[in-house]
Each structure stands twice: as C-alpha cells, then as structure tokens.
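Following the hints, position chains B, C and D against chain A.
Each chain, letter by letter, is given below.
There are 4 protein chains.
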Amino acid sequence: MGLFIGGESMIVVMEPRATREQIDAVVKKIQEASLGTHLSVGVERTVIGVVGDSHTKELLRQSLEATSGVERVVPILQPFKLVSREFKSDNTVVDVKGVHFGDGSVAVIAGPCSVEGLEQIIATAKAVKAAGAVMLRGGAFKPRTSPYSFQGLEEEGLRYLAEARKETGLPVVTEAMDAYQLQLVTKYADMIQIGARNMQNYTLLREAGRAKYPVLIKRGPSATIQELLLATEYVMNEGNYQVVLCERGIRGFDNYTRYLLDLSAVPVLKELSHLPVIIDPSQGTGKRKYVSPMSRAAVAAGADGLIIEVHPDPEKARSDGPQQLTPEHFRTLMSELDPLAKALGRRMQAPLLTR
Amino acid sequence: MGLFIGGESMIVVMEPRATREQIDAVVKKIQEASLGTHLSVGVERTVIGVVGDSHTKELLRQSLEATSGVERVVPILQPFKLVSREFKSDNTVVDVKGVHFGDGSVAVIAGPCSVEGLEQIIATAKAVKAAGAVMLRGGAFKPRTSPYSFQGLEEEGLRYLAEARKETGLPVVTEAMDAYQLQLVTKYADMIQIGARNMQNYTLLREAGRAKYPVLIKRGPSATIQELLLATEYVMNEGNYQVVLCERGIRGFDNYTRYLLDLSAVPVLKELSHLPVIIDPSQGTGKRKYVSPMSRAAVAAGADGLIIEVHPDPEKARSDGPQQLTPEHFRTLMSELDPLAKALGRRMQAPLLTR
Amino acid sequence: MGLFIGGESMIVVMEPRATREQIDAVVKKIQEASLGTHLSVGVERTVIGVVGDSHTKELLRQSLEATSGVERVVPILQPFKLVSREFKSDNTVVDVKGVHFGDGSVAVIAGPCSVEGLEQIIATAKAVKAAGAVMLRGGAFKPRTSPYSFQGLEEEGLRYLAEARKETGLPVVTEAMDAYQLQLVTKYADMIQIGARNMQNYTLLREAGRAKYPVLIKRGPSATIQELLLATEYVMNEGNYQVVLCERGIRGFDNYTRYLLDLSAVPVLKELSHLPVIIDPSQGTGKRKYVSPMSRAAVAAGADGLIIEVHPDPEKARSDGPQQLTPEHFRTLMSELDPLAKALGRRMQAPLLTR
Amino acid sequence: MGLFIGGESMIVVMEPRATREQIDAVVKKIQEASLGTHLSVGVERTVIGVVGDSHTKELLRQSLEATSGVERVVPILQPFKLVSREFKSDNTVVDVKGVHFGDGSVAVIAGPCSVEGLEQIIATAKAVKAAGAVMLRGGAFKPRTSPYSFQGLEEEGLRYLAEARKETGLPVVTEAMDAYQLQLVTKYADMIQIGARNMQNYTLLREAGRAKYPVLIKRGPSATIQELLLATEYVMNEGNYQVVLCERGIRGFDNYTRYLLDLSAVPVLKELSHLPVIIDPSQGTGKRKYVSPMSRAAVAAGADGLIIEVHPDPEKARSDGPQQLTPEHFRTLMSELDPLAKALGRRMQAPLLTR
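Residue numbers (the working numbering), protein chains in the order written: chain A, 1 to 355; chain B, 1 to 355; chain C, 1 to 355; chain D, 1 to 355.
The shape of chain A in the complex, shown without the other chains (with noise of 0.2 Å):
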C-alpha cells in the first residue's frame, strides 16, 4: 500500500499518450502555484494529484484543463465556501422580521403573483394570514418573458405591499431585478427576492449582498445544484449570511407542467449547505391543480417552507393566473399541511400573535 500525507485538492487525469515533457510541464505549473504535486505513473495514464489548497485553484484547474497532454481535472473538493456544511455544520435560522426559516417549523409565504392594486393586495394578506401564512409576496417588478405583458406597479406596488404588511403584521417579500430595484424594495418591503431569471446576475448578487436584508434566492431552471450555491457565494462574499435558497422548477421536456418541479433538490442542497430550503410549487408547476400535492410533497422531503401564489380572484390576475390559488383552496391546502407536519415531528409556523 503506497501512502501519502498530504491532502489532494484535485487530480489531474493525464491522456492515455501524455508524453514526459507534457507531465513535467503540468508538475511545473502546479509548483508555479505554490502548491505540491504527487506523481502516480501507470501503465495506461499518469495521475497528478495537487497536493494543498489555494485561493486560486479554480484559476489552476482552468489552466490545467487547457494544458496539453491533460485529459481532465477532477476537483476534489467542493468550489463553494461560505455556503457549504463544512463551513458551518449547524443549519442557518433565517430571520424575517420574527419569520423563521431553518428552525425546523415549516413558513408558508404566500400572496399573489403580481401586486394589481391596493385592494387586492390587502385582501389577498388578510385571506393568507388567516390560514396560516407567515408571509406575504407579491411581485411589483414583474420580469415577464414577453414585453408585452403586464410589467408590475413598480414602486406604487411596494407602497401597497407596505400598506397590506401594516394591516396584517406579515413580512413582505419581493423581487427586485436590478440596483435600483434593490434600493426601492429594501426601503418598503423586508426581504430581497432574487429571482431566477437573475439568479446569475452577478451585478445584483453583490448588491443583495451588501443589502443588510435577508435574501430568498431562486434557482434558475438551468442551474445546476453547484452553480444555485456558487450564485449564492457571492451574496454570502459580500458579508450577507441570511439566505434562503428556493427550487422553483427545472427545465424539463414535459409540457404538462410549464417546469419541472425538483424536490431531490431538498435533501441534496440540506446536505450540502446549511442555508434553509424552500419550494415554490405554482412556479414549479404552473397549474393550480398540481399546487396541492406538491406542496405536501415538499414538506415531506424536509423543505423549510413554502411559497405559494394565491389570488383573490385567479382568473382576472393580469399575470400567471392559472397557477395561482384562490384564497379558499389554499385554507384547504394549510389544513392539510398540520397534520402531515405534525406527523413529520414537525409543526407549521403560525403568523406572529402581536399581528
């Protein structure tokens, strides 16, 4: 048995036919690095561990994968820092104005999709609360796929936000989709939503990270589970630690639901990170219908919340309608989720008493 102390931040994978000046050059490049190498020579392929662990090993793996001769990089360890189990073991508790995420309970944040009116927004809040909901939502910038839709109320919205968080006590969140954004919702409501068609927008990862605002940020349906917690990085680099990540639906090749909804994703990002995880199944799905069984399907796999659309009247929303609960199917789905939490040996977060 050969053996090695040293502790191997990656490997590189020479090609079958990898001559010796194109395995000195690789050896040569690491040590350029300042860091070690370690030669494993075999009959088919030489292996070359790099021995240490540097700020700058992801530049090194780059320049290692366009080194000829090389065949690939295998990272060892994780690219994400600040985000990661290892970093810190216990789970992150997120707190929104007395909203906890990550405690075990499980939040419900819920609301429209778009705020459309003072009105609306008030009812929607009292009718969420009453069943249940911790949180409100409600988008005010709304980033629609066409130009031509409907493209949210814009600062208006969050003072109707504000208004309906007065009237109930229910934290607000809502997404903003640039710097200016920010500044507006971090003036009205109490939580940055990153969206995730933003979710590798790096200009306004850094700003929501130096918000002094919790962020809920949500998985662009592209993303893999590693670019979800690297886009994460950066608003945890710039000081923020009060994150919670969302699945809201991966791309997927069914047309029976708009996306598909990946609840692996829970248990995976859970072990993973210690940042709470919650689910969007009206997003996920985009059908009222399937809002339900998703829903108790997510606290099930351990999500930490939920947020769900709801509408005082779905079939008049000026946007995403047909995902969207009315206020009496989504009392039907909260009285469902206490005894299924219950049963879970977990219980279901109530709104605040002082509210």
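Just so you know, these hints were derived from the structure itself, not from any lab. Hints are supplied without guarantee of correctness; some may be wrong.
Which copy is meant is left open, because identical chains are indistinguishable; a pair holds if it fits in one copy or across any two.
[Claimed, not checked] Simulated pairs of lysine-lysine, BS3-like, Cα-Cα distance not exceeding 25 Å: (1) K129 / K88; (2) K129 / K316; (3) K81 / K289; (4) K289 / K88; (5) K166 / K28; (6) K212 / K81; (7) K187 / K88; (8) K28 / K57; (9) K81 / K129; (10) K316 / K28; (11) K289 / K28; (12) K57 / K316; (13) K129 / K166; (14) K289 / K57; (15) K126 / K97; (16) K57 / K97; (17) K187 / K126; (18) K97 / K187; (19) K166 / K81.
Chains B, C and D alone, transformed into the frame defined by chain A:
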C-alpha cells in the same frame, strides 16, 4: 359569435402565406378521410378544424403535417384511449395475489436490486415483510449498462424468488426483457416488470399484454408522460388491463443524483389516467441517503405505492449497492411512513395475515 | 364544410366535462376583451376560437387558462412581432462599423475570453485579423460562476480593447452586465454583448434597446427559441433594430462537452426571424478540440458568422483556457472555412482594407 | 513532489469526516479485490487510489460507492474497451457489400421511413440511387409510439426491400426489434438497424452481436455518449466488430424540432472510438425543411455518412411524412453535398458501378 356544431378532433394551422390551392388540398385530404372540415379564414392565418373522430386520425395528422402550406396540426383529443380517465373515470385497482394498488392505501414493494443467492433473497424477504412490505422485488434478469457487469442469476434467480415467496407469502415482481424471459417470469413470479430501458420495446409490451399477469411498467428516462401512456396502451390494447405505472427518474442535468425523480408525474398521471402510480426512489435518486425523503414525498404527492431496494449488506451487493437500503434503514423508513399516511387520510397496506 | 370568416388568434379547448356555464363564462371573458368568439360544440369537447387580434391577447390567454373548465389555450399567432419574418420578410443586415452580419457572407469575430492586458489584447487582435477575423471580442466584465474567479479588468479592459481597435481597425464587441457597464461599453466598444446569463435580464435588455448601438444577444442555456426571440423583442421594442442573435450551447446531459451546441437553432431562427444568427463554438463545446468541427458545421448549417475565443497562450489564460484556440490553430481553422464557404456559394467576409 | 509508480484505475474520495475505521474498510475491500491501494491523507479529505486494473473493477466501483464514509468514486479508465480508440487507434472501416463507412468518404443511405409497397420502394430506390445514395433504408418493422399507428408490412416489407436491392444493387439496412425479426432481417437485408428505442435492449444487442452482419446502432434519445458506447460494447463483446454508430437526435426542451440533433456527438465519438459515425437528420429534426442544413452541417462536422428519409410522395406516407424529402429535394441536397465534401478534402461515395 360564430356557432358551429361539430366537434373538432384536431386543428390545422396554415402558414401565414398559404395559398388557396394549399388550403383546398388540406380540405380535400380531410374529406377523403371521411371527416368534416371547418374553415376559418383570417387576415393573418387560415385555421381548419377537422370535424369528427376516427381511428385513422393519427395517420391523417401526420399526413396533414406533411402537407405543404401547413404550419402545424394541434390535436384536440388525447392520442391514448384505454389508459385514459375519459375512457374509465374511476380508479383501477390492480390486484396482485391480494395486494392492491390503487385502492387508496400505500403498498410498498421491497427487495434487493438483484437476486444474488437463496439465502440473500429469503433473508431480505423476511426482513422487508417484518417491516411492512407487502410485495417482494428482485432482479433475475438484469439490464446493465455495461456488458462487463453482473447480468443476474436468470432462471435460478427466479426459483429463489419463488422460494422466498413460499417462505413469506409475499407476491413477487421481477423484470423480463424479452419474450423468452417473460415466459419464465410468468412461471415463477406474480407480476411482470417492464423496465425503463424497455418501455418502448413494443414486442415485449405486446407479449406482456397477452400474458394474463399484472404488469408494472416503468417510465423511460427520456419518455414524456404521453409516451408512457401510449406504451401502456400497447399492453391494454392486447386485453390486459392490470397495469401499474411507475416513475423512476428521468434524465436530468445535475450529477448529485443519478436520475431526476419527477414527482409531479404522480398528480399528472393520476389526472390523465385511471391506473395506479407508484414511485421508485432508489433508481430515481441512485443514492441511499435520498431514498427516505423522496419516499415520504412520493406518498405525500399521492403515489399508490413505492418500490424500494433493500439489501442485507449493500456494500457487498452485486449491483446498485449505493442506492440500496439496509433492512434497518428500511424499517425506520416504514415507521415514518405510517403516521404520514394516516395524516393524509390514507393507510399503509399490511402484509396479508394468512402469510 | 363549415365556413367562417374570422381569423382566430387563439383557440380555447374546454375540458371533456365542461358545463354550459363554464363555456358561457369563457365566451363572456373573450367578448369583454372586445374580441369575437367562434364556438364549436362537439361530442367530446367544445372548442372556442378567439376571433381577432389585440395587444392584450397575452393577458387574455392567461386569464382564459385560469378559467375553470378550460383544459388549455392554443395560441395561433406567434407571441413575438418585431423580430419575426412575418413583420419583415427580408433579412436584416446589421452593420457594425463596416462589418456586416446577415448579408450572406460569413463574419468571424475572434479574441480572448477575457482582456488580460494591453499587450495580450493587441497581440491577439493582430493575429486574428491576419487570419481573417473581421471583429474583435474580449471580456472586460466577466460573468463568472464563482465569486472567487477572475472577474475582468473592467474599465481598464475596455480601454485596452479600444487601443487594440486603434491598432488594427477591428470593431469591438464586449459584454455588459448592468446599466452602468453598458454605458461604459458604449463609450469604448462598437457592439454590446448581452451574455447568456443575462438573456432575461429585462432591465439590461431595455437599456440595450435604448442605446443606439448594435447588440449581440446570446441565448440562455435553458432558453427556448421563443424565449430568445421574446428577449430580443424587448430590445427592438425600444427602437433598436440592430440585433444579432447568437446560439452558444444549451444545457445538455452529457459531460463530454460543457454545453450542448444546438445547431438546428440556425435554420429554425432564420426561418422565424429576419435577424442574423451567429454561433459560439467555444462556449458551446467548452473544449478546444471541438471548436473546428463545430465551426465548420455552423457555417454549413447557414450561420451568418462565428464568435471564437483565441488566446496567445491559452494555458496561461485567466478564464476559460480549455476552450480558447491558439492563433495558429485559429489560422488553420480560417483556412478551412474559406473553401467551405465558397462551396456553399458564400464567402468569408474580409477585414476592411482601410484598416 | 510525491512520486508513486502504480497506475490508478479509480480514485475514492472520502467524506470530510470519514473515520479511520471507514478508511480501513475501503482499503480492505480494495485489497480483497486483489488490487493495490494508494492512500493520500489530507487535512480536509482522504483520497484513496485503486492501483491496477481488473475486469471486476466495475463491481468494485459500485461496492466502494456503497461503502460508508465514501463521498464518491472517480473512474480514471474508461468503462468501455473494444469500442475505444485506446483499444484500436486507427479508424474501423465497415464494409456493407462494397459500401464503406469510415474510409474518409461520405456514404449516404436513403429511402422511405416505412416500406409501404413494392412499387413505392422500387421507385424510391431508383430515385435515391440516381441522386447518389449508396444504400437503401426502409422500415418493415416499425417502432411506433402509438399502437394505433401503422406498424409496418413486416416480412412482406423485407421481401420488397430485397426486390429493390435486386433492381438497383443498393445494399439494404432495416430495423429489427427482437430476435425473431432479427433473423428475418438477416435473411433479406445487408445491415441490421438497432433503433433508438432499443439501444439498451440487451437481448437484442447480444443477438446482433452473434449475427455475422454489419450493425447500425442508433443513440437513444436520453443516452449519454458513454451509454451508447457501452451498448455497442455488448455487440462487439459477442465478436461482431462491424458496427456503425448513428446520432439521431436526443430529447431537448424546444418544440420547433422533434428531437435535438447533437452534432457535437460526431467529433466526440470519433475521438473516443474507432467506429464510423453517421447522422440521421430526418429523425433528428422531424421536419423536412431542416434536413438539408443539418445534412450539410453533419458532413462539415466530420460525419462518415448520412441516413435520410426520402418518399416519392411524403404527403401520402404512412409514417413520418413531415420529415421525408421528395426525390427532387433529395437530388438538390446531394448536389449541394458534393462540392461541400470536396471543399473538406473528402468525397461523396458513389453507388457501385456494377449495379
């Protein structure tokens, strides 16, 4: 308001610059198929409704799509029949020697990925029965990606399965990959499994349809919901209505799980079809640690059952060790599922008393 | 044969058991939108045509989908306008300081992934020009998956690009990720790149639409063709019609390439839209060795141009080294493309003489 | 620099908190498989190299992945052998009655989707030969998604194919879906096609391996490159080395094409394997209008040939009419491919003179 008494089975959308001759050709073709037409002439597009249904409408659809000037053909009616809720509105209950799929209870099938020996399968059967499984699984003919992997004990494996049934009373499901194997499977087992890789093996589907045995059909990793239902239609079209559908993970783009378990397939399939739907969280995730959360989620989403891989010593398994549970782990999972089912107003199906 | 003079913009398919009341509600909703209806009552389904077009039809579509009794709504007209062949039937030629995209010739943009220094960018610009490139690329603001990767030289990089243009006469394209960067990019460069990760950054798209600069818009890795065209519609809707589309690889499930280069997007986009389409084989495959075959294939598929990463020393590149060509490799590729273009009845566009 | 003479076939990455006992268990398991170990102990992770190769290494890999404390196992050597470039470095040339695949020329197979009658197949064979096709295709056994679609003329169709060969001298390729059909196919045709839906039908692959007939194996729509090569390994492992690989479109998420034609598979497969690679642009796009551009692109990407659907009257075709070319359209395409091949330093293979 235009009013028309007709009943369109499909709608032909013409290209923006379709000529009068092209429109006439489409109309003629529909009429030759003894179906009516319903022409709607607009400024930008002409739309032609095909009025009436016919068993040759699939052929007509393809012919129309191939006709010049046609942009696309939109089917109005579903392409499947026997499998559909429209054909049969109440749930089908599939009875496998007293085990029921589709009656509202949760039926759990468990057992090793592969049958590896008599002792192994009997020990597993006893252990899973003790934990509450109602049926035994175990592969005798194994579809393996590599020809250098273990291919199963074949008929010997089937004999061992029959022995294990004798010992425990648990009915047995096992996979057949061709007509010869299918004949053997029906000799020893109680339910025929059509594996994901053979979901569109039409020869096999027809053979399974002719066998008077219950069939478990697994969704292929790139199969749409519609393709799964049409594959099932092959079985039912031969007169065999005892079919259970199984989602076992589709092809995703993330490597943290082996496949992407599509739990939204549960409510979608149960809406479109009257057949029972079960989930395979072992194949669907490929990793032991995700089996429990995804099993719970499957039940919460409304699955009629689960099929779970359990091995007395997964580290020594001859196939798929990483995803097999130990009997102990399985017992814990079953004890979690019981209160969960109750909270959902359902119950775990228990092994038959007479066994 | 039913005949109806109308012109349907969408068709509402009712559920099999839709009631008379539900049908009436749909009809009423359509009429309230000042559009006509065209009812077709069948044995199994009722189908309702929406007659007439309207700028609010997208909202109506969503509202109808949210209406009870509706199974689905089938749009007949495309949701995009300005970008479509129906709006403008002849090819748009985008002129970037004398470089033409869409005139039938093949225009090749080349340069490093990132601008790393003045010397590097000038050397690359000279080398790619000598080999036949007509435009220079190079990232000054880099969207990187990890916050720990090199993020670009920012304004300094833009200044170097402008220097390289002065030296070689090659117009410059470079990416902007937010409004502030966009302003800087228009100060130094000749064409604004909207990167794949920002394809649905609507704030940025609108800003690019307001700038009087040509725009290169890259398809996001999970974006459908329709989403790409709708994103482009955002730019054009602000009055900027100088847009080049770029396919750069979508999310696939195989790891031998980094992304899955979708070359069928070339004929599909050129059929649906009048805008030029180019291909990025460097991002699209992620590996140097596949750049040449996929460049040839792109030209053969009808692409109006290519954007290729070239670095004087890819092994030392600060980003994406594995996919960058050496100047020598690029020269060889260009010498292969020349006879290929001729064989297709096309020509390689040459760098302007005055440069 | 650590130096080690060994030759690792795989590398075991332990979990961050793996215990000494877990590491020992892994080492013991490797040694029991008569392979060496090479331990590298780091601060964050321990990495264990498996030294030496063995035909049971696939089993060992799975066993190690199932072992507690193991995070993942990274294979260093490819899992396939006979199919690989490492096994045979020069290109395999497959000879089908004088037609050569893999000799640098472009071989075009053409014919209808389905054999529909004697006249139809003879007319098509003559037309495609006149245009330059060197082999005839045509389905006698049709794998159809729906049981209600035309399933082929079966043995009668094979007889017609043999007649068409007699008339034109074109060798014939046609699909078999089970052992019985395969026997008939070898009686009448010159090359066995394994269709995409049967790519992992291992019974069929083994039968094809035992037949002394050239095999055309199509990539399944969700198959990775590695799975395609392992499926081919089943054929070769039975002693049949006359195999041509075919990419025919994978499952994508966009509906403008039926499948997503993955042209990067051409250079990837030709790098990994010595076998010829052809492209099916008809299945791969599903639409006639995209067949020409994608055929040109396939040749430019380096494909050894094409298989194209041609029907005398596509609008009357009994299957896949929308994607079949008319003889005239095919003639035009062939006349475009000729100069293209020459520009690439290749040539179109011509039908044999003796025919």
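Do the hints match the structure? See the list:
With identical chains, the CA atoms of K129 and K88 are never at most 25 Å apart, being 33 Å at best within one copy and 40 Å at best between copies. Taking identical chains as interchangeable, the C-alpha atoms of K129 and K316 lie at most 25 Å apart only when both belong to the same chain, with a minimum of 22 Å there against 53 Å between chains. When the C-alpha separation of K81 and K289 is checked against a cutoff of 25 Å, the pair qualifies only between copies, where the shortest distance is 22 Å, while the shortest distance within a copy is 39 Å. Only between protomers do K289 and K88 lie at most 25 Å apart by alpha-carbon distance; the minimum there is 20 Å, versus 39 Å within a single protomer.
Taking the shortest alpha-carbon separations for K166 and K28, neither the intra-copy value of 64 Å nor the inter-copy value of 37 Å comes in at or below 25 Å. For the identical chains of this complex, K212 and K81 are intra-copy neighbours only, at 20 Å inside a copy versus 42 Å across copies, given an alpha-carbon limit of 25 Å. In this homomeric assembly, K187 and K88 never come within 25 Å of each other (Cα to Cα): the closest approach is 31 Å inside a single copy and 45 Å across copies. In this homomeric assembly, K28 and K57 come within 25 Å of each other (Cα to Cα) only inside a single copy, at 15 Å, whereas the closest approach across copies is 32 Å.
In this assembly of identical chains, K81 and K129 lie within 25 Å of each other by CA distance neither inside one copy nor across copies; the values are 37 Å within and 42 Å between. For the homomeric pair K316 and K28, the shortest alpha-carbon distance between copies (13 Å) is at most 25 Å, but the shortest distance inside one copy (66 Å) is not. In this homomeric assembly, K289 and K28 come within 25 Å of each other (Cα to Cα) only across copies, at 24 Å, whereas the closest approach inside a single copy is 60 Å. Only between protomers do K57 and K316 lie at most 25 Å apart by alpha-carbon distance; the minimum there is 14 Å, versus 53 Å within a single protomer.
In this homomeric assembly, K129 and K166 come within 25 Å of each other (Cα to Cα) only inside a single copy, at 13 Å, whereas the closest approach across copies is 56 Å. Proximity of K289 and K57 under a CA criterion of 25 Å is satisfied inter-copy only: 24 Å between copies versus 48 Å inside one chain copy. When the C-alpha separation of K126 and K97 is checked against a cutoff of 25 Å, the pair qualifies only within one copy, where the shortest distance is 18 Å, while the shortest distance between copies is 52 Å. Taking the shortest Cα distances, K57 and K97 never come within 25 Å of each other, neither inside one copy (39 Å) nor across copies (40 Å).
When the C-alpha separation of K187 and K126 is checked against a cutoff of 25 Å, the pair qualifies only within one copy, where the shortest distance is 22 Å, while the shortest distance between copies is 51 Å. Within a single copy, K97 and K187 get their C-alpha atoms as close as 14 Å, which meets the 25 Å cut-off; across copies the closest is 44 Å, which misses it. Taking the closest pair of Cα atoms, K166 and K81 never come within 25 Å of each other, the shortest separation being 38 Å inside a single copy and 43 Å across copies.
In this structure, the hints that do not hold are numbers 1, 5, 7, 9, 16 and 19, in rising order.
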